[in-house]
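Residue numbers (numbering that gives the first Met the number 0), protein chains in the order written: chain W, 0 to 277; chain V, 0 to 120.
For the record, the hints were derived by calculation from the structure and aren't laboratory data.
Built from N, CA and C at the ideal position, the CB exists for glycine as well.
Wrong hints could be hidden among the right ones.
To be verified - Not close to chain V: a few residues of chain W, all C-beta gaps over 12 angstroms, as computed: (1) V79; (2) F83; (3) V275.
As the list claims (entries may be wrong) - As a list, the in silico DSBU-like pairs of lysine-lysine whose alpha-carbon atoms are at most 35 angstroms apart: (4) V:K111 x W:K217; (5) W:K12 x W:K86; (6) W:K204 x W:K55; (7) W:K251 x W:K189; (8) W:K110 x W:K217; (9) V:K90 x W:K189; (10) W:K116 x V:K90; (11) W:K110 x W:K55; (12) W:K116 x W:K217; (13) V:K47 x W:K125; (14) V:K89 x W:K132; (15) W:K159 x W:K143; (16) V:K111 x W:K178; (17) V:K90 x W:K71; (18) W:K204 x W:K251; (19) W:K116 x V:K111; (20) W:K170 x V:K111; (21) W:K204 x V:K110; (22) V:K89 x W:K251; (23) W:K159 x W:K204; (24) W:K189 x V:K7.
What the hints assert, rightly or not - Rough simulated footprint, nothing fancy, chain V against chain W, three-plus residues with beta-carbon under 8 angstroms: (25) 38 to 51; (26) 91 to 97; (27) 182 to 191.
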Amino acid sequence: MNKFSMSEFSMNKRIFVALAVMLVVCGPASSQTGVKKRRPLPYEYGRVIIRNYSEKADLAPVVFEHWIHRSKFTCRVCHVDIGFAMKAGGTDITAADNARGYYCGACHNGKMAADGKTVFQSCSKKATAEDAKRCERCHSYGLKVASDYDFFQFSEPLPKERFGNGLDWEKAEELGLIKPSASLEGVTIKRNPLVVQKDFMLNPKVAAMPDIIFSHTKHTVWNGCELCHPEIFVGVKKGTSHYSMVEITEGKSCGVCHTTVAFPLADCQRCHSKPVQP
Amino acid sequence: MLFNAKFKTTIITVLLFLGLAVFCGVRAMGAPQSSAAPASPAQETWRKEFDDVCGKTQDAMSFSPEELTELIRRCDSLRPQIEKLDESRKKVYLGRLRRCRGLYAYVLDEKKVDEKKKEKK
C-alpha cells in the first residue's frame, strides 16, 4: 500500500467515524424533538385506535370512528352514561365487558336498531371462525375492511367547515340533518330537563385577540355538567381557572376535545369570536 | 283387579310425566336472560339508589349546601355496594359515580366560597 492510498484510507475512515457519530447523536435528538405531525384527513379526524388487549388476543387493534358515532349520540351518552373515558386507552375496555353489554356492547349487541338495520354485535363469549368477519368490523387496524358507512357519502349533505372533519356539526344539528340522541334506553338515567347556563365571555391574555364567547348552551346540551366539571374544568364559576393556549394545545381543558374530536384549535375564530370594536 | 292396579299406575306415571313436562316448559319459556349476570334484589336496590342520586346532576346548581352534602353522603355509601359487583359493572358504575359525586362536591365548594364572600361583605 503506498503513502497516498494510506492517507486516503485514513480519510475514509475518519469520514465513516464522523458519519457514525452524527447518526448516533442526531438519531435520539431528532426523536426527542419529533417530526411535525401530519394533519389528519377529514375522515380520520377523531379516530381512536384501541389496542389495550387486541394484539394479545391475536386480533388487530380496534379502529373507532368518532364521526359516525357522534352523529347518532351526544357526547354525554357515551362518556357519562356508558362510561367511556375522555382519554384514548383510559377506559380499559375488555371483550368480556362488551360481551356483558357494557361499553361498545351497550349498543353493539345484535339487537339495537339504527338506520333501519340491526347494530352488529361486538364481542361474544365464544367466537367461532365464522365470527372472524364480524370481529374485523372493529378490529380493523391495518386491514382493508369495508364499512357500512362511507364518510364522503355521509358528509355530502352536511354544512362544511374548514378543519377537523370539515363539517359544522352544530349547524348540521340545527338544520336537523343529524339528530344525536341524548339518551340510551336502559343506560341513561331519566333526568329533569337541563337548565341551560348562560353563555359567557372570556378575555384572552393576548392583546388584540378577539374575546372568547363560550357557548354554555351547546356544551351543556351535548355534554351535561359532569363530563366537564370538575375533571376537565376544575372551577365551576367563571374566572376560577386560568387557561393558556400552551396547555390547551397539550390537551388540557378545552384541548381535551378540541384537539381530538371537536373542531381543532387551528379554527381560532370559532372560539375567539367576539367582533373587535373599532 | 290386576287391570285396575295397572291402569292406576299408568295414570300416575302419565300425570307425573305431564307435570314434569309442564314444569320444564314453563322454565324454558321464561323471560330471556341477559348476557350480564342476573340482578339480585340487593343489586336492584343499589341501582335504584344510583339512578336517584346521579339523576339529579342537572339540578346541581339549584341545590342548597345541605342538600349537596346529603347527595355526597349518599354517593359515598353507594361506593362499597358497587365495589362488590362484577368487574364490568364495577368499572362502569364506579366511573359514573365518581363523575356525579365530583360534580356535587365542586358545586358545594363553590357555594361555600360564595357564602364566605358574602359573610366578608
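Hints versus structure:
1. V79: 6 angstroms, violated
2. F83: 9 angstroms, violated
3. V275: 32 angstroms, holds
4. V:K111 x W:K217: Holds. K111 (chain V) to K217 (chain W) sits at ~28 angstroms (cutoff 35 angstroms).
5. W:K12 x W:K86: Since the Cα atoms of K12 (chain W) and K86 (chain W) sit roughly 50 angstroms apart, the hinted pair is violated (cutoff 35 angstroms).
6. W:K204 x W:K55: Violated: K204 (chain W) and K55 (chain W) sit about 48 angstroms apart, past 35 angstroms.
7. W:K251 x W:K189: Given that 35 angstroms is the threshold and the Cα spacing comes to 31 angstroms, the pair holds.
8. W:K110 x W:K217: Measuring from Cα to Cα gives roughly 31 angstroms; hence the hint holds.
9. V:K90 x W:K189: Status holds; Cα separation ~21 angstroms.
10. W:K116 x V:K90: It holds: about 30 angstroms lies between the C-alpha atoms, which stays within 35 angstroms.
11. W:K110 x W:K55: This hinted pair holds, its Cα atoms lying about 28 angstroms apart.
12. W:K116 x W:K217: 30 angstroms, holds
13. V:K47 x W:K125: 32 angstroms, holds
14. V:K89 x W:K132: 31 angstroms, holds
15. W:K159 x W:K143: Holds, at roughly 28 angstroms.
16. V:K111 x W:K178: 39 angstroms, violated
17. V:K90 x W:K71: Status holds; Cα separation ~24 angstroms.
18. W:K204 x W:K251: Judged against 35 angstroms, a Cα distance of about 17 angstroms means the pair holds.
19. W:K116 x V:K111: 51 angstroms, violated
20. W:K170 x V:K111: 39 angstroms, violated
21. W:K204 x V:K110: Holds, at roughly 28 angstroms.
22. V:K89 x W:K251: 27 angstroms, holds
23. W:K159 x W:K204: Holds: K159 (chain W) and K204 (chain W) sit about 30 angstroms apart, inside 35 angstroms.
24. W:K189 x V:K7: The hint is violated at about 60 angstroms.
25. 38 to 51: Per the Cβ count (0), the hint is violated.
26. 91 to 97: holds (count 4)
27. 182 to 191: With 4 residues in contact (Cβ-Cβ under 8 angstroms with chain V), the coverage given for the region 182 to 191 of chain W holds.
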